[in-house]
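**Q** In case you want the letters, here they are:
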Amino acid sequence: MMIKKLIEKIEGEAELDFTLQKGIVEDVRIRFGFYRGIEEILVGKAPRDALVITPRVCGICNHAHLLAAVSALENGYENAGIAVALSSKARYIREFTLACELIQNHMKWFYMTILPQLERLTQSENGENHALKASYLSGVITKALAIFAGQWPHSSYAVPGGVTCDPTYIDVMQAATLVDESIRFFEQVVIGMALEEYMQIDAVGNLHEVKGDLGNVLYLLGTHGIAEYGKSHDRFIAFAEGLGMQSGKSIATTVSKIDVRYVQEWVQEKSMAKAVSYKDRMYETGPLARAMVNKIPIIKSLHKRYKDAVLTRVFARVHEGVMLLSYAKEVLQKLDLSEPSCTLESRLLADTFEGTGVVEAARGSLIHKIKVEDKKISHYDIIVPTQWNLSAGTDQEKGVAIKAMIGAKSMEEASFLFRTFDVCSVCTTQ
Amino acid sequence: MKNKQHSKPRLLWLQSISCNGNAHSFLNHPDLFSILSHFELVYHPILETKHTLQDILKCETECDILIIEGSLKEKGLMKAGVEVSSVIKHYASIATHIISAGTCATFGGMFKQYDPEHITGFCFDGEVQTTRYEQYAQKLISLPGCPIHPKWLGFVLMMIVQNRPIAKDSLHRPLELYAPTVHTGCARNEYFEWKVDTEGFGLKEGCLFYELGCQGPYTHGSCNKILWNDISSKTIAGTPCFGCTEPDFPKTTLFETETRMGIPATMPLGIPRRAYLTVTGVVKSFRIKRFEERLISYDD
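In order, the protein sequence lines correspond to chains S and R. The first sequence begins at 1 in my numbering and counts up by one. The second sequence begins at 1 in my numbering and counts up by one.
Isolated chain R (complex conformation) (with noise of 0.2 Å):
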């Protein structure tokens, strides 16, 4: 991607009603300072930039790309006495790229729940486009997560440096990142195959799925292909998914599964009940051994 007169894509990145989290989550990149050297960083909420918050306020900067975190309300944040959502949409109408970093910036998020009605993502309100939606939505590039996972942000402003064609799905989230989902590659796969519970937290034999609440199945992101910190996730570390990729997080009662009749109400991606009650069925009819058993045992 080139500009008349620059060399470097200029990077704006912009902050609504935030928590820092997705600013944070990037700056442990390990790569963090080679990726940012293909940009010309103008704004950043940490990191030492050229301009100031209050030159970016004026809406006379320049920029290629944006990066927005947060939810957005359409009146009633302000920084320096400027409305935050009229300086994002105005720099919104002159980048080539947008990208919705985290799912506060995407769907609404956590900072939605607080005044539902007025706060909502930047082109979505859970998964309903908002009236920004057409305006954008053509430059638009969903990331979300709670957090931004560092890597993910990487690869797509590589891709977008590299003039890569981004494969997406219909809440504009790239399909490398969001088709597989946070199942894929989770360290208790064979449980799950076999419909073995786990007993309780803390033990890294059994499933989340059928008790703790993990949303791993039908949840669409990559945590336990890329790892989180390059080394975990949270379902390697006992915790379920809470599902934070999606439209809806967060929902409630997030460390219990809701089941009907005994079997988890909501199925994995697109399998339909049936099929599933059939596989259970089956598997359940086996007892085996070794998962009743402890991997390792440290007692002695």
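In isolation and in its complexed conformation, chain S is listed as follows (with noise of 0.2 Å):
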């Protein structure tokens, strides 16, 4: 039996054909309606024009978009043998600003995907009102973001050679008053507990010592049996370092190198979302694969126990939030502001290059590939996360979200386990 259910709410919408056998989930086909043409509109723009117009291609994940586009121009440049040498001060303030998305995103997904989500499934619904904690938390460290960005969403802050912005102290000292609040937020509010205390947790056993919402979402999965669901090829992907984090693919227990050139993509039927994969396999990427890849103590006892199962899945992206706000204090310290911000002239300095950038964004690994010939884009080529974790799979092997859907005991618990990947369907049809 075959039945179309409309998946929405997810950034954008997207459709699930799923395949019952006796009310289990056979199979399932995702598809996105409606391509922008973004890559398109690129075309034959100046190059730094990418700046401006690729941070449209998602309103939630803006920022990551604009630094992997400004890489892939420096890169460039660099092909082009024109030296980039950014200062470490803009090497910092990018990664700030890159946590500080990472960061708003996880906590709406969490409370305004995850927790209704979760509630409704498991019939455990307060009527709280979670959204009001998603906006809270957003609204405090995306203004963090947009004292060196100007603005969240849509900045464009970030030029060939480092960042427009020139901060002072006192914009250094605001920014962390504000990650100081969001580390209260999360001890108060997420985690229910000391940031300190919780950074000491290193092993499922002592798991139980989380409290607040996600010690509540914890408490839910586990009661209801869910935990242990939404197991998939585990094996994942992370192409992009920074953010304190290297990159690498994980099979089992080892992780190995990885080169971009590898990424293979192709046109799928029936959807408006090209698929992507590394030597012809499928990878989960995200935070999930970002913490295996960096083999962090927690997930891997986590993983040892529960698999690349929902579990593991949704704590990884909650832990990963806590972690990027120690990292985004960390970086402030760094700073030092007698560095320049910006260290190439603001002309144009080449006129033909090809270049490629990649950045971890909230979903994962982001590639842009920028081929310019004669002062003007001749070729763009947008890779989303969202692309690897819900492709539909090769002939070999089934995509990593429908083969963690498959065997799924109904169609709702099959559409919860989809939003375990934070799918983002805008950036999808880029």
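Misleading hints may appear alongside valid ones.
[Stated by the list, open to error] With a Cα cut of at most 30 Å, we get these calculated BS3-like pairs of lysine-lysine: (1) S/Lys4 x R/Lys50; (2) R/Lys204 x S/Lys329; (3) S/Lys9 x R/Lys89; (4) R/Lys58 x S/Lys5; (5) S/Lys403 x S/Lys304; (6) S/Lys9 x R/Lys8; (7) S/Lys334 x S/Lys295; (8) S/Lys334 x R/Lys204.
Derived from the structure by calculation, the hints contain no laboratory data. These numbers were taken from a predicted model, which means no experiment stands behind them.
Using the hints, build the complex out of the two chains.
**A** Below you can see the structure in the form of structure tokens.
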């Protein structure tokens, strides 16, 4: 039996065509509706226009698109023989603002997608306004971002050679205060314990110490038998270094190096989203992948017990939010304002070049490839994280999210598993 | 504004061709939920609502205020098998107020560029009125900006609740928000007055209008009066204004100023070229030492 279901409020919408056998999910086809043509819009434009146009791919991860675009331009400059040599100040400021966007994203997903859906699935709704918490935290942390980037969403403050802002120590201090406020929010509302104590937790056995809304989610997942659902290929990939993390791929207990050149992209039937693979195999990308590649102790411990099931995936995303808050604080302390913000002059410096930029966005690795001929963009390619997680798969294997949904006992359960991947429809149909 | 059965106006937020940026921008409003408490939220693309999108697509729900996000395409954008433009037109016809939220819904914006002939704003195609204009203009409020400024939307919603008249320009933009230019209140005003160019990106000194493409002096909007994220703006952060509230957004070569005989090709709003040249000639004949130095030096 085949049933179509519209999944909404996931940064746009997706349609899932379920094949059910006696109520159990046997197969799923994921469809995204409308292609907006950003890659085509970019052709013929001035190269740096990509810094304004590509953030408009996505309202929630626009900043990652900006940083991928500027990295692609800088890589192109380097390939054309122009040394970019970012100051560490510019590098840290970019890291800080990217971290802020990820924290914003993870908390919106947690409070506006996971908590309400999980409460519905387990019939434990209590009428609490979770969105209020998401909105508060998002407001605080994007304000810290905007101190450097001017605004969020849709900043274009990163330019080849650095950043456009020229912060003062008062700016830095304000940003630090806003990070502290976010940490206070996490301690009092999300994890219900002191950050220092939380960071000591490195094994499943101590997870019961986590209180707050995260504690509640762990409890609901555990007591309703959902925790071990949603297992997929158990293969992970993260392409960009940064935010205190390394790149690589993780299969079983082995982490190894990767190269962007082995990424393949192809058009899928009946979907406006392109699929992507690494050496013909499906990989999961995102916070769980980053944690596996970087061997984060608590995630490794969870993985040992639950593999790449729902509990591990959900916990990894929230945990990354906590780690990024600590990281954001460290980065601010390292800022030396006597360094230049931008080390290249403002004129366009190369007429013809090709470059690739990779950034770890909230949902995983984001790749931008630019080709410039005679001062105009001749080709632009964007590979977004959701393409990794939500592709239909190859002849040999199912896509990551599809495999996770197969075997679910109802469409509602499968839809919840689908949402644990933090789906972004708008990015996928750029 | 009152309705017979409903004490609170019913607010419906619909998306067409969009990036979700306006929804996320508004989500950052510090008073979001106190503003929303004045409404019955019928549907929203992210917030929990009474109705699902499937319900809304049936066109059976009541609505008083319609917020449109995203550019319009008459045919070809389907959600669950339903043409989105027809759903938007249905609710636009029963609503008492229509807010086009962001530049896409207002003028066509970014996504218009993919298919300029078929993709437009709801009532405007660039600055030209669409065929829908006649029918809906009377209740239309345009709030362009890419994305929409959360505070601007908050103000307009509260003005509607309080039944206040909203004075608008010919493109239906509220004058209280769009009569000033983005240049108004810019932290770099002094450098503009004395025609002092910035020496490059990453400096708090100097004006971005002469070389780096800033469109602030001829872009309608109060970004430097009502700050972004309550703290900053593009020009404060050293980024040029890209004119994102205007019907022709986005233009190209956004980080460079087009010049004519060494003078910006586009003049500040309403300023005759001759007047601009005269003033420039006068102020440029003076050398002001203070503007040649950095405001703060952290070198030692």
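**Q** Check each numbered hint from earlier against the structure, then list the numbers of those it violates in ascending order.
**A** none
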